[in-house]
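Next come the chains, spelled out residue by residue.
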Amino acid sequence: MAKKFLDPHEVKPILGTEGWEEMYPFYYQFSKTDKERMEYESSQLWFYDGLHYPEPHYPFDLIWDEAWYLALSQYNTRVFMVPPAKGIDHRIVNGYVYITPVGITDPKEIESRIPLFQKRAGYYYENWDKIYDKWVDKTKELIAELENISFPDLPEIEDESIVFDSSGLSSGYNLGIKYDELINMGFKVWQYHFEMLNLGYAAYVTFINTANEVFPDIPMHNLTKMVSGIDTVMYRPDEELIKLAKLAITLGIDPVIASQKKFDTLAEELKKSDKGISWLDALERARYPWFYISTGTGWYHHHISWNDNLDIPLSSINMYIEVIKDGKNPSRSTEKLIKERDETVEKYINLIKNEDQRNAFEETLKIARRVFPYVENHMFYVENWFHSVFWRKVRELAKIFVNNKIIDDVEDVWYLNRFEVKSLIDDLVRAWATGIIPAGRTYWPEKIKNRKVIIKKFQEWTPPPALGTPPEVVNEPFTIVLWGVTTGVLKNWLRSLEGTTSENITELQGSPGSAGIVEGKARVIRTVEQLDQLEKGEIMVAPTTSPSWAPVFTKIAGAVTDVGGPMCHAAIVCREYGLPTVVGTGNATAVIKTGDLIRINGNEGTVEIIEHR
Amino acid sequence: MRELNQLYTIWYDELRGGDYELVGKKNANLGEMMHAGIPISPGFAITIHANDSFIEKTGIRSKIETLVKKNGEATDENIKKLSKTIMSEIESADIPSEIEEDILENYHKLCKKCNLDAVPAAVRSSGGVSMPGQMETYLNIRGDKDLIRYIKKCWSSSYNVEAIHYRVNRDMSVLFNIGVGIPKMVHSKVSGVIFTLNPINGDFSKISVDASYGLGEAIVSGLVTPDTYLIDKVTLELIKTKIGSKEIKCVYEADGSDIKKVDVDNELRKKSALTNQELAYLAETAVKIENYYGKAYDIEFGIDEDLPFPENVIVLQVRPESIWNKKKDMSGKIGKPADVMNIILNNLISGIKAG
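One line per chain: the protein sequences are A and B, in this order.
Sequential numbering of the first sequence, starting at 17, is according to our numbering.
Sequential numbering of the second sequence, starting at 460, is according to our numbering.
Hints were generated in silico from the structure; no laboratory data involved.
Virtual Cβ for every residue (Gly too), placed ideally from N, Cα, C.
Treat each hint with caution, since some may be false.
So these bits of chain B aren't anywhere near chain A, every CB distance computed over 10 angstroms [stated by the list, open to error]:
1. E480
2. H494
3. A495
4. S547
5. D561
6. V679
7. D691
8. T734
9. E743
10. N771
11. E780
Listed below are the simulated DSS-like cross-link pairs for lysine-lysine, each with C-alpha atoms no more than 30 angstroms apart in a straight line [stated by the list, open to error]:
12. K507/A to K699/B
13. K719/B to K730/B
14. K701/B to K241/A
Taking CB as the label site, the calculated pair distances span [unchecked claim]:
15. K699/B to G553/A: 22 to 30 angstroms
16. F768/B to E351/A: 28 to 36 angstroms
17. E351/A to K699/B: 27 to 35 angstroms
18. M54/A to K729/B: 49 to 57 angstroms
19. K729/B to G504/A: 23 to 31 angstroms
20. M54/A to N735/B: 52 to 60 angstroms
Construct the entire structure; sequences and hints are all you get.
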């Protein structure tokens, strides 16, 4: 068996993408000159972060990767002084982000960090609920601040208030400042994001480990079920849709709603009746903030929110109307779920005969439950709500660039990275100030044109699941729980290097996401736009999934993802819907083709390809 | 109401553990298990009273008493003679018709229940006090004539040399009548072993099931690689299934006299020996047994070919699990729970063992 993955410095470039490196910050490149850095890079295991990034990066979108690279790492390394773990290092290869956990191996160094960690992390665990309440407040404040930033075009003539308030600052200068503020807010929200997340996961992982010592074979999904909050913010958007579907039926306007696919024309129609108006009012109330849920993971600019395109929630509302009229209740029975959860916990606890073990189980469960609301809910505030507003603001800004004929289309802005956008603004405001044509007018469109080709080529490339040197055993807790990268998964990835092509692979190994065995036709789904291709009873094969995909879970028979551990969204939602699910297969979307007959075993985490199309 | 102590036969489902004075311990235990919801092979007990009446009414009783008095010292020689005489008296006597009719009526009921003309049954001795291994059990007995013959053989076995020795050595009376159990022979198309934990790592929240085709001998004596299943005790979900090769199976010879090995069909080898329905039922049963006895148990079971689900799922034998029950007080690596912070710290430092 091959012992190592391809060395990161030896990845072959893709023809026709020459010069791609300049799209991303220089510190994201695997080094070509610094020997010491190269040695370090070769000795690490780098795995492709497909959990967050099913696609290559648009230069601008890399901002979120930069943000969590910084935030996660600093909290481990410098703030909470997590004894054995430093940050997570990032690189980019052909547009795809690879990451590697950086550990501390010197026992003395680990030892010296322990008292600091105990004091600092201890403070957070003890005051968790209070800190979390504060967290929600300050994050909402930040989002309000973000909403308040606006990007009006540069005026021909400055408003006279500049003179009479004697502020001394021009719109040109302010545009640069506001852009900086926008970017800084983006980084700030990610500072918040990791303020509590690492500690939350540490407590959660501790419970998982403790439970595994007591019950070595306990299925991971039973453990997550014990911890999961039933009434979490992430389910709210979907619940709002169900409420709207029910309201439509109660008002008797469901046929009107079902008759329209476009929200705008539907709204015109509904405004003609009182019932229609009251339904529209209810929808308007649900929209803020719940329709800020992203249609993707929120990491890409094209992962728009429902608020950006109301046709999307409309189609989900119609799906729910159908389900309800079929006599089924799509709502989750929270009471029942809570009762089931508590009964399960009690039964497991009753099986523990040793008192120390029982106490450890109960105590770690308690702390895991304390931290879990944050672990589950933060995503709505940051990746969904904040990101959605942020993307909208960047589009607002890009409109100025279009108006000034620097770029052709608002959507072209994503092909420039955050530093380039800043220099574009610098050029623009100087030209505006001076009354001349900006230099960027021919410079940027040419780059954008090339980059569109490059990104397309990147999209056609399949990134290898890992690069570099695998460790003997994977024991870094975050890597396992979040990304599903275990020693076993690495072995499978290594095995797949040995000359197997996708045609002769008949079995994939991932992690069990949700129990059950099911057989069916596969459909490979890469983006939210492809969701409506899913036919009833098909098995969805996707790089990863988003919470806003919930309505399709009433339709499919099971799900398979490339990336993700037992705690990833796909796993959690599928457990709720009782759908057999395998997560973290590494390359299901590359190996499985739409139409293949597959059998998935959510108990063991295996996918069998019975028949290639 | 019938006086229980005047009955010649009582069905298992009407018995309780406390009825051992009526039917012997083995029979009473089976009744108790059935009462606890543990599925056992259907059948009935012939009471000790039936044996008493038989001995009384045929005049054998007084013969035994006379012989015992006459025989003097309990030498090996004397006991051998005594045993021989009593046993042949019992085996050659006719059972009084009211007792025989009662037994046969119930045997016919059992045949009807199993949808067979002459259901093969076991004839099991069941003493009112434990006398391990002293008395006989006969397997695969079918038809009225043989049944009666072997019941008498079973009764007579409580007067074999070993049994009389055993009693004499313990100052017990030579006169010792027993109960007899008549359960249907389990005609296992599939059989196996259950542990109410995972025997590999002692996980008390699991039920492990091994199963293969035919009689249990194939698994117990390691002749085949069985299918193995792991079930969660709390949620009863099937966590792991491993299909074993199951190349052969053990079955009874046509006349039931012996066991032979037969090749298993290729297609069947690849299939799961148990259905999901059977597995679920077995898991529930295992939980019942564990709850009933209050500790981890080791259970032998068979899936009977002649009966419909769920009556076909039959527990053959239960005993306490012997390894992990003793180990359960060993504390794991878990530190003192007083400080959760320390547990978290230890976890971060030692890493996670998943995968």
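Quick rundown of the hints versus the structure:
1. The claim that E480/B lies off the interface holds: its Cβ sits roughly 36 angstroms from the closest Cβ of chain A, which is beyond the 10 angstroms cut-off.
2. For H494/B, the condition that its CB be more than 10 angstroms from all CB atoms of chain A holds, with the nearest at approximately 24 angstroms.
3. No beta-carbon of chain A comes within 10 angstroms of the beta-carbon of A495/B; the shortest separation is about 19 angstroms.
4. Every CB of chain A lies more than 10 angstroms from the CB of S547/B, the least distance being 55 angstroms, so the non-interface label holds.
5. With a closest Cβ-Cβ approach of about 46 angstroms to chain A, D561/B is found to remain outside the 10 angstroms limit, as its non-interface label requires.
6. Chain A leaves V679/B outside its interface by the beta-carbon criterion, the shortest separation being 24 angstroms against a cut-off of 10 angstroms.
7. Listed as outside the interface, D691/B is inconsistent with that label: its C-beta sits roughly 7 angstroms from the nearest C-beta of chain A, within the 10 angstroms cut-off.
8. For T734/B, the non-interface assignment is confirmed: its Cβ lies about 14 angstroms from the closest Cβ of chain A, beyond the 10 angstroms cut-off.
9. Every CB of chain A is more than 10 angstroms from the CB of E743/B (nearest about 14 angstroms), matching its label as outside the interface.
10. Every Cβ of chain A is farther than 10 angstroms from the Cβ of N771/B; the closest lies at roughly 24 angstroms, confirming the non-interface assignment.
11. For E780/B, the condition that its CB be more than 10 angstroms from all CB atoms of chain A holds, with the nearest at approximately 13 angstroms.
12. Only pairs whose Cα atoms come within 30 angstroms are accepted, and K507/A paired with K699/B is accepted, the gap being roughly 21 angstroms.
13. The hinted pair formed by K719/B and K730/B meets the criterion: a straight-line CA distance of about 22 angstroms does not exceed 30 angstroms.
14. Distance check on the hinted pair: K701/B and K241/A sit about 26 angstroms apart at the alpha-carbon level, within 30 angstroms; holds.
15. For the pair K699/B and G553/A, the beta carbons lie near 26 angstroms from each other, so the given range of 22 to 30 angstroms is met.
16. Roughly 34 angstroms separates the CB atoms of F768/B and E351/A, a value that falls within the hinted 28 to 36 angstroms.
17. At about 32 angstroms, the CB distance of E351/A to K699/B agrees with the hint of 27 to 35 angstroms.
18. Between M54/A and K729/B the Cβ separation comes to about 51 angstroms, which falls inside the hinted range of 49 to 57 angstroms.
19. Judged by the Cβ atoms, the range 23 to 31 angstroms given for K729/B and G504/A holds: they are separated by roughly 25 angstroms.
20. The given range of 52 to 60 angstroms is respected by M54/A and N735/B, whose C-beta atoms sit roughly 55 angstroms from each other.
Consistency note: the structure conflicts with earlier hint 7 alone.
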